[in-house]
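Peer 1: Could you build the full structure based on these sequences and the hints that come with them?
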Amino acid sequence: MTNSLLVGVDGSDGGSRAADFAASRAAESQTQLVVAYVIEWSPYSFNTPQENEERHKRREEEITRAESDVVQPLLESLKARGVDAKGIVRHGHAAEVLSQLAKEEGASQIFIGRRGLTKLQALLFGSTAGSLVQISPVPVTVIP
Amino acid sequence: MKKLLAAFLTAVLWAPACWAQDAAGAEMGLDERINQAISPVTNAIAGVIFYSVPVSDEIGLPVIVVWLVVAALFATFYFNFISVRAFNHAIALVRGDYSNPKDAGEVSHFQALATALSGTVGLGNIAGVAIAVSVGGPGATFWMILAGFLGMSLKFAECTLGVKYRNEYPDGTVSGGPMYYLSKGLGEKGMGGLGKVLAVFFAICCIAGALGGGNMFQANQSFQQFVNVTGGEGSFMADKGWLFGLIIAALVGVVIIGGIKSIARVTEKVVPFMAIIYCTAALIIIIMNIGQVPAAFGAIIGGAFSPEGVAGGFIGALIQGFRRAAFSNEAGIGSASIAHSAVRTKEPVTEGLVALHEPFIDTVVICTMTALVIVITGTYTAGGGMSGVELTSLAFESAFSWFPYILAVAVILFAFSTMLSWSYYGVKCWTYLFGESKSMDLLFKVIFCVFVVIGASMNLGPVIDFSDSAIFAMSIANIIGLYILFPVVKEDLASYWSRLKSGEIKKYGGH
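Here the protein sequences line up with chains F and A, keeping their order.
Positions 17 to 160 (the working numbering) are the ones given, in order, by the first sequence.
Positions 375 to 885 (the working numbering) are the ones given, in order, by the second sequence.
Keep in mind that the hints are not guaranteed to be accurate.
[As the list claims (entries may be wrong)] Quick list of simulated restraints, FRET-style, between CB atoms:
hint, chain 1, residue 1, chain 2, residue 2, range
1, A, I879, F, G146, 49 to 59 Å
2, F, A96, A, A624, 51 to 61 Å
3, A, A868, F, K95, 49 to 59 Å
4, F, S61, A, S772, 51 to 61 Å
5, F, S93, A, E865, 21 to 31 Å
6, F, S93, A, L657, 57 to 67 Å
FYI, nobody ran anything at the bench for these hints, they're computed from the structure.
Virtual Cβ for every residue (Gly too), placed ideally from N, Cα, C.
Peer 2: Following this line, the structure appears as structure tokens:
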């Protein structure tokens, strides 16, 4: 499967603007749109034994919530617009996972919203769009 | 089981009743009364576990230390020096090179290792080493490092088994550890009866260990350090161990009973940071005195075989080193197996390989640094009979006058995170014995908090003896089971290793 388009969503306004923009591109070019929701997670955090024990359960809950609250409603509205779309939910660092998915899904382009952070906020919390632009294997479109 | 519980509660309640009795007449402090009431019991337990064979007139060789070292030595040869062979592969596993990105979000190898480490890196590395060096001379360090190296193979076996035989519940949570591999693993071998007995014995000892080394020892040493930095004998807290204990008990209680995750999270994040500060300070002292490092190594190696002025000579140094190493890295004890079982992996062997690094980081790296600082600064001879955390503190103070304050914070935080880990091990064994229920869970946690207060109120001697004996007793059941299950681990390892070499198990790209 080649030449699909990938859009990163997170339930925010920026994410839905990006999905909206990507959907019209996908419709124009008759390609599949892959909707990706990345749950922020690091394999290098320090946890208590209790947290580790419950981790599997929490992970399932996080995935279910992301699918039911964000991905499924979005896929339905895309289908209504006649766009061929599929959803993926995965844990990890947003920019890294989106780059990885672009390779896996053979996406020719990634669409992503932005949060409009100030310099200080970006420095403190990291900007997904900023790091994605640096590491993505394919062109990235950032939707304001 | 109910009888056992009743006996245990009687023991717990008996102590306070005793010091209440003589409270009327005596003018003793509350600390001393607690001490007097408990010492006979702890001394008796320590006497049984540390039964010693007299080697010379001066010193005996505790059978339990031989038991641990022989098992570690056997594992090292039986798994063909897995600790050396798989060292680099284990690093790749921790880095996540072999983790499927689709499984992201589960407990990673790194997290399981970090969690287990936060339970073992602690006072054993700071206070335990000081005890070893002050009693056994610099040579004890050599035996400690050797025991740490041998312990790697033993830790590999027990953590592999912990994951292999864990229980997975319908709600997705898991419980693992020696009590499960002893009962299930030995059951598979047709020794279900023995397995059950060993599992119950292990669980009882683990509960005692959780209350001893995982709790009282920690509370005791952090209180001592706190008194030290706030003015020693003249400190406003000097005779108020019970008050310090109450404060720590309240904090522990808030986390483990109240479920206040934020405190636990802060601790889990600050502890690695403190470990880095501690190691950096040790490295700086070592580098500042780089000229003395060869002499220090000379003293360590020379002292290992022909120590001067150490009771029992060579054997005395060896016993101290092995004893402290086992207490610090817990290989063969079985505790880390409980923490490592939480990882989700299709290959239990991978978790065992990751666990190899635990005795390495804990004993071979961190303990050696503490020992070098104590030996280089010469405080073990100049310390004037000081032992435990005071000696380490003095050694660091001779280089950085302000370091005891940092060390006090580090000691209290290490102690706190170790207590949290051990309260978890204790709960797991408690619910294994008495059934998984909310009320049993709560009961153990309350008892755990009571023991924090007891630990902070006692002298160093009785606490150390009790904590040592309880923790070492865990190894009796655990290692019997390990000998029987070693072939299972070997088979799994051979299968994993051949698939790794043939390229069937591959690295995932993109990392």
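Peer 1: For every hint, state whether the structure bears it out.
Peer 2: How the hints compare with the structure:
Here the CB-CB span from A:I879 to F:G146 is close to 36 Å, at odds with the stated 49 to 59 Å. Evaluation of the 51 to 61 Å hint for F:A96 and A:A624 yields a pass: the beta carbon distance comes to about 57 Å. Between A:A868 and F:K95 the CB atoms are about 51 Å apart, so this pair conforms to the stated range of 49 to 59 Å. In this structure, F:S61 and A:S772 break the distance hint of 51 to 61 Å, their C-beta atoms being roughly 37 Å apart.
A beta carbon spacing of about 54 Å between F:S93 and A:E865 contradicts the range 21 to 31 Å that was offered as a hint. Range check, F:S93 to A:L657: about 58 Å between beta-carbon atoms, so the 57 to 67 Å window is met.
Hints 1, 4 and 5 from the earlier list are contradicted by this structure; the remaining hints agree with it.
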